[in-house]
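Engineer: Following the hints, position chains B, C and D against chain A.
4 protein chains.
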Amino acid sequence: MTTSSRKGAAPRIASSVFEADFVAGLATIFEERISFNQLLGLRIDTLEAEHVSGHLAMRPELVGHYAHNRLHGGVISATLDAMGGLAVMAAIGARHLDETPAQRLHRFGKLGTIDLRIDYLRPAIGERFLLHAQVLRLGSRVASTRMEFSSADAKLLASGSAAYIVS
Amino acid sequence: MTTSSRKGAAPRIASSVFEADFVAGLATIFEERISFNQLLGLRIDTLEAEHVSGHLAMRPELVGHYAHNRLHGGVISATLDAMGGLAVMAAIGARHLDETPAQRLHRFGKLGTIDLRIDYLRPAIGERFLLHAQVLRLGSRVASTRMEFSSADAKLLASGSAAYIVS
Amino acid sequence: MTTSSRKGAAPRIASSVFEADFVAGLATIFEERISFNQLLGLRIDTLEAEHVSGHLAMRPELVGHYAHNRLHGGVISATLDAMGGLAVMAAIGARHLDETPAQRLHRFGKLGTIDLRIDYLRPAIGERFLLHAQVLRLGSRVASTRMEFSSADAKLLASGSAAYIVS
Amino acid sequence: MTTSSRKGAAPRIASSVFEADFVAGLATIFEERISFNQLLGLRIDTLEAEHVSGHLAMRPELVGHYAHNRLHGGVISATLDAMGGLAVMAAIGARHLDETPAQRLHRFGKLGTIDLRIDYLRPAIGERFLLHAQVLRLGSRVASTRMEFSSADAKLLASGSAAYIVS
Numbered sequence: 056m057t058t059s060s061r062k063g064a065a066p067r068i069a070s071s072v073f074e075a076d077f078v079a080g081l082a083t084i085f086e087e088r089i090s091f092n093q094l095l096g097l098r099i100d101t102l103e104a105e106h107v108s109g110h111l112a113m114r115p116e117l118v119g120h121y122a123h124n125r126l127h128g129g130v131i132s133a134t135l136d137a138m139g140g141l142a143v144m145a146a147i148g149a150r151h152l153d154e155t156p157a158q159r160l161h162r163f164g165k166l167g168t169i170d171l172r173i174d175y176l177r178p179a180i181g182e183r184f185l186l187h188a189q190v191l192r193l194g195s196r197v198a199s200t201r202m203e204f205s206s207a208d209a210k211l212l213a214s215g216s217a218a219y220i221v222s
Numbered sequence: 056m057t058t059s060s061r062k063g064a065a066p067r068i069a070s071s072v073f074e075a076d077f078v079a080g081l082a083t084i085f086e087e088r089i090s091f092n093q094l095l096g097l098r099i100d101t102l103e104a105e106h107v108s109g110h111l112a113m114r115p116e117l118v119g120h121y122a123h124n125r126l127h128g129g130v131i132s133a134t135l136d137a138m139g140g141l142a143v144m145a146a147i148g149a150r151h152l153d154e155t156p157a158q159r160l161h162r163f164g165k166l167g168t169i170d171l172r173i174d175y176l177r178p179a180i181g182e183r184f185l186l187h188a189q190v191l192r193l194g195s196r197v198a199s200t201r202m203e204f205s206s207a208d209a210k211l212l213a214s215g216s217a218a219y220i221v222s
Numbered sequence: 056m057t058t059s060s061r062k063g064a065a066p067r068i069a070s071s072v073f074e075a076d077f078v079a080g081l082a083t084i085f086e087e088r089i090s091f092n093q094l095l096g097l098r099i100d101t102l103e104a105e106h107v108s109g110h111l112a113m114r115p116e117l118v119g120h121y122a123h124n125r126l127h128g129g130v131i132s133a134t135l136d137a138m139g140g141l142a143v144m145a146a147i148g149a150r151h152l153d154e155t156p157a158q159r160l161h162r163f164g165k166l167g168t169i170d171l172r173i174d175y176l177r178p179a180i181g182e183r184f185l186l187h188a189q190v191l192r193l194g195s196r197v198a199s200t201r202m203e204f205s206s207a208d209a210k211l212l213a214s215g216s217a218a219y220i221v222s
Numbered sequence: 056m057t058t059s060s061r062k063g064a065a066p067r068i069a070s071s072v073f074e075a076d077f078v079a080g081l082a083t084i085f086e087e088r089i090s091f092n093q094l095l096g097l098r099i100d101t102l103e104a105e106h107v108s109g110h111l112a113m114r115p116e117l118v119g120h121y122a123h124n125r126l127h128g129g130v131i132s133a134t135l136d137a138m139g140g141l142a143v144m145a146a147i148g149a150r151h152l153d154e155t156p157a158q159r160l161h162r163f164g165k166l167g168t169i170d171l172r173i174d175y176l177r178p179a180i181g182e183r184f185l186l187h188a189q190v191l192r193l194g195s196r197v198a199s200t201r202m203e204f205s206s207a208d209a210k211l212l213a214s215g216s217a218a219y220i221v222s
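From first to last, the protein sequence lines are chains A, B, C and D. Just so you know, we're using my numbering here: the first sequence kicks off at 56 and counts up by one. Just so you know, we're using my numbering here: the second sequence kicks off at 56 and counts up by one. Just so you know, we're using my numbering here: the third sequence kicks off at 56 and counts up by one. Just so you know, we're using my numbering here: the fourth sequence kicks off at 56 and counts up by one.
Bound conformation, chain A alone (with noise of 0.2 Å):
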């Protein structure tokens, strides 16, 4: 189980939308089956109906900068774009809460990144790091997310925006 079932322990996942049946299956989903999310080890935090947020903690193969033991920015575009899909995936499972948590779940496996741009602001150096996805806007095919790389002390390393196919 990836959310906590345990009675009275906070779940590890925040969703004031989501039941945890669906919350557990996107997790298993991003983190787990998307098999690259998890070589890269990023997590998620919350899930609400247009925005994500999640962590990634340092790990010496992430270095993309061996002098100065900088994460590779190839881990920050990977990152924000796996956000930016999640995103619009909370986005579509809002839309459809009267379908059942399997039926959205499936919706997630359509889903495709058309383009994706960073901007890579500051060195990102850390122990952890925070990303941030919301939904700009969600059409019937094309959704567009604004995602935020930052240091653990919330200072802005790299910002993204995307577009996904929406099938």
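It is worth saying that the hints were derived from the structure and are not from the lab. These figures come from a predicted structure and were not determined experimentally. Built from N, CA and C at the ideal position, the CB exists for glycine as well. Heads up, some of the hints might be wrong.
Just a sample of chain C residues kept apart from chain D, beta carbon distances all over 10 Å, derived [what the hints assert, rightly or not]:
| # | residue |
| --- | --- |
| 1 | 74 |
| 2 | 110 |
| 3 | 127 |
| 4 | 192 |
| 5 | 194 |
| 6 | 212 |
| 7 | 222 |
Here's a subset of chain A near chain B, in silico, CB distances under 10 Å, partners left out [claimed, not checked]:
| # | residue |
| --- | --- |
| 8 | 89 |
| 9 | 175 |
| 10 | 180 |
Structural biologist: Quick look at chains B, C and D alone, frame taken from chain A:
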């Protein structure tokens, strides 16, 4: 040694501009010391003045779409960013052929991605992928590149452009 | 009439794929009915299946940098966006050669830009500029293009990429 | 004079940071001497240290979609690029308050757009549009900005990001 030095053997990395020491040094930095490139398995094939190429082998950890065995978009953005940076580095190296290989390699550490755009055109499915990057302009402070990610049979799967700070 | 109909005269707009009616109709829409294109003075030169070209004459109103008589970056982004859309329209037109010109032209009204990236490489100074656009992929819902903005002597001044919704 | 100097009258352009001379000078350069901004009718509303705003009135020449009276996407990309540059200029101006207005204004001529991304979210239909830009990072060589294009009732119509060379 990264490039073969056995007499008569073709070197692993082709270059008409650079001496073996520089090529070997750049390959060591790019393929090994940049840990995340090593994790991805990104390898250099050619190193020319303003054009470089490389390849990447598919592996289960790099999957993004569990149902289709499709490469994660983040692998594409990460490797295209890395290849764009390598092309800039080659262009800088070619401008400073009067310097020792070590002096030129030292310049690699100063390179930084300003921003990046990736267009995802077709699903990346296959055993091996090809990467190309060329420098559109190398200025004294900023360099602009264009990158391509292709299938083994040279079908364009994704296209990128990026700007780098050159210090 | 937008294209010349005098016997023996070469038409103003070259096309090996499209009939004169379609070319004339597309030119009227693009160069005149889209008012802002007319304000900019953007003109079509060739219309092929997945490649189009055009040109633009420098005028004082289009200046961006008062001290250097440099073209405004916004003229570059606006014309490259327009040319990318024209390339998509030509690609759509070529896919529906069984339709009447009017039916094909009607499809132009449904096209919309999803997003756009422009890389400014060199100052745009000159009397006349050349524009090229090609379709990298035409899907059933989304099309991706690459565009180039060059000086009269074919030096690349700016490069663009864009995604369009195709309905 | 660009800003009002009548006693007691509120100046047309609000600024809590800059003196009237600097504001007036920047407005003259931005709204008049940059000819294409004047052609578009782009006007400044506020000038703060790392945030600026402005507006644009709809006019028939700015139409992109003849059937729907929709603003041309190129007007959006051009004005967002201009506003991003203005935000950088304001940030630079705020860093050099020890200089005379003329010295600070001179710095505007050295600014150049490296690249630009625009996401078109909703059709731009209306009589008047609002523009906002903020500086995400001002470095010694490169500045990054985020821009928004909204309807008169503050609905987000397009979003942009850009990088500028700061010399």
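Engineer: Output the numbers, in ascending order, of every earlier hint that fails for this structure.
Structural biologist: Hints 3 and 10 are the ones this structure does not satisfy, whereas the remaining hints hold.
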